[in-house]
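Visitor: Residues per chain are reported as follows:
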Amino acid sequence: MSQFGNSYVELDRLVKAYPNPRGEATRVVDGFSTKIAEGEFVSVIGHSGCGKSTVLTMLAGLNDVTSGNIILAGKEVSGAGPDRAVVFQSPCLLPWMSAFDNVMLGVKRCYPKATRLERKQLVEYFLSIVGLGDAMHKYPKELSGGMQQRVGIARAIALRPKMLLLDEPFGKLDSLTRMDLQETVLNLLNEHRITTMMITHDVDEAIFMSDRVVMMTNGPRAKVGQVLDIPFERPRNRVDVLGDEMYYDFRGCLIDFLEGQDRRKHGEPDASMPEPKPVTKPETVQDLMLVQSPAEVSAV
Amino acid sequence: MKKFKHILLKTLDVAALSVFEPIVRLCYGEDPRAQLRKIGKFILIPIVAFILFLGVWHVTASGIETKFGKMPTPGVTWEQTKVMVGQVFENRRSEKAFYVEQKTKAQEHETKAAQYAAAAELPKNASQKEAFLAESNAQAELAVNARSATFAGTPTIIYRVVHSLKTVFLGFMLATLIALPIGILCGLNPVFMAAASPIIQIFKPVSPVAWVPIAMILVGALYSGSSMQPAMLSSAIVVAMCSLWPTLTNTALGVASIDKDHLNVAKVLRLGWWTRLFKIVIPSSLPLIFAGLRISLGVGWMVLIAAELLVQNPGLGQFVWDRFQDNSAAAFGQIFVAIFIIGIIGFFLDRTMIILQRSVSFDAPAGA
Ligand SMILES: Nc1ncnc2c1ncn2[C@@H]1O[C@H](COP(=O)(O)OP(=O)(O)OP(=O)(O)O)[C@@H](O)[C@H]1O
Ligand SMILES: [Mg+2]
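Quick note, the sequences are listed as chains A and B, same order. Here the first sequence is numbered in my numbering, starting from 6 and rising by one per residue. Here the second sequence is numbered in my numbering, starting from 782 and rising by one per residue.
Take these hints with a grain of salt, some might be off.
[Stated by the list, open to error] In the PhoX-like style, the derived pairs of lysine-lysine whose C-alpha atoms are separated by at most 20 angstroms in a straight line are: (1) K1041/B - K177/A; (2) K177/A - K80/A; (3) K1048/B - K113/A; (4) K146/A - K791/B; (5) K113/A - K125/A.
Since the hints were derived computationally from the structure, they do not count as laboratory data.
For reference, chain A alone in the conformation it holds in the complex (with noise of 0.2 angstroms):
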């Protein structure tokens, strides 16, 4: 473990207010905490639009926090930078460039005084590494859906981040293309330690990749409402971690709290309850798991 022990990323009762259509302020997130270790892979998972995106983006800083600390490497986060490379679900690649220039546009900026050669040499690393060797100089529109995503994540490791941010960066592909995709980004983490937050609606991928999932509870006021230690060796092989008695513990673990969110929304007995409603916890995770109570949350 490094100097901030398992706190190298550190968010603080994030709260992010929208004005709703009668101009009030509506919390969307309200007080989400977690603590994220150096080199750790951890997935959001929740129902779609409880805030995940949000989070994401608070600590991207692409979008305002009302209140609530983002701390990264023992500093306050403020704006956006380079530090925090994004994937988004769409590839987001500028059309007038090529894949290399799109990558290249980084390289130039965190590598201000590397040689010309040595830019080339790294962009070209950087797109071999994600599989695309052979299409560097095609333009987005003459790339596939998966093949633009690929250099989406090339651009960002270009960046050499502190923080590695995916915003469900598989979610427009087909699930082959999704599998590969999983790959290769394990293999990329597996070379290039990078702390990474993955958001995710798939309890599969989150299994497979992370070292640590956090369930959100359903908006508005979405805060974390369960973590779960996913502590499968790396480098990971696809067929192990299927092959693993306590892979089916984990999902269960998972759908059961995704569920219980659904019967709150759905308007069910404990639908004005703010707290989550207890899963059903299998023997072999249940000291792996953490609820976090509000207490907790506030003693942080």
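Given chain A's structure and the hints, the job is docking chain B with the ligands onto it.
Guide: What follows is chain B with the ligands alone, placed relative to chain A:
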């Protein structure tokens, strides 16, 4: 062979001439019935419609008597076209003859100059020697004058077309130089936009004709150069005043409506102002900017004719006025020819801009 067909089709597509696509496909024997049907619908019918138009024109024109004689029919217009083409060749012949004549004259003067110079070398008394030298110099000067003389015939239609094109491009460039930076600033900064908006709203609807006297007076007062006729500059200014608005508003719109994702890229990279401008803002608004430029050039060409007519800039506009003053049936016919020339040039300018516009649009597949 296949490849050539592909290139041909692509070219037609890029040039916005895809109407002619079925002809190419037919030549390659690709589903002839479908191609023939398309040719019938989209090529033959427009041709028939144009012939009908000529018919209606002929009938209407034949019934109208004016003080210049009969209103020109398509036939008369065609006759006058041939006359004008004839004048172009005639002019070219006399121009050639003029230069040949000047050359022989110059050579004569040069030989004389040499003779006098040689005579001056012979030992004579000093005053005679001086006289010979002076004569030699005079002859040399005459030779130079003869060589540098330029042909000054009446301007032909070709000269006028070229002159009009030069004027419109000058005006269009002026408009672009003014409109692009202001448009970009307006799009980037809402406060700047709010400040510029009333000015834009007031001047945008002003008729070109109203700018003419102002342009003439200002050019008269401020322009003392000789590289350009003042009339040309005045016309160009009028063109610029009227054609800068579409570019300005489109640029502002393009810059203001940049994809948020692309701006986020700039934010994450913390790009500097200029890098952001040239790598993100301008490229992403190029399609709209070019759409604006295309409208501007169209407006400019329309305005130019009126401006030239009033300012007496020796282009097509002045030609129309000139022919009007001529008071003859032939001249009346030539006005009709001018109308067609103006229309066809306008069409080609527009096509050129379409091609440029397509070549910068990054979402549609670019040519090749
Ligand atoms: N600019 C905004 N103004 C007002 N409300 C907003 C704005 N952006 C987001 N919201 C609201 O905030 C809530 C959370 O949005 P967010 O995009 O973070 O959800 P999400 O969890 O990422 O959803 P998804 O899984 O569908 O991407 C939503 O209810 C949304 O309507
Ligand atoms: Mg989202």
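Visitor: So, for every hint listed, does it hold in this structure?
Guide: Each hint, compared with the structure:
| no. | hint | verdict |
| --- | --- | --- |
| 1 | K1041/B - K177/A | 19 angstroms, holds |
| 2 | K177/A - K80/A | 34 angstroms, violated |
| 3 | K1048/B - K113/A | 15 angstroms, holds |
| 4 | K146/A - K791/B | 18 angstroms, holds |
| 5 | K113/A - K125/A | 10 angstroms, holds |
Consistency with the previously given hints fails for number 2 only.
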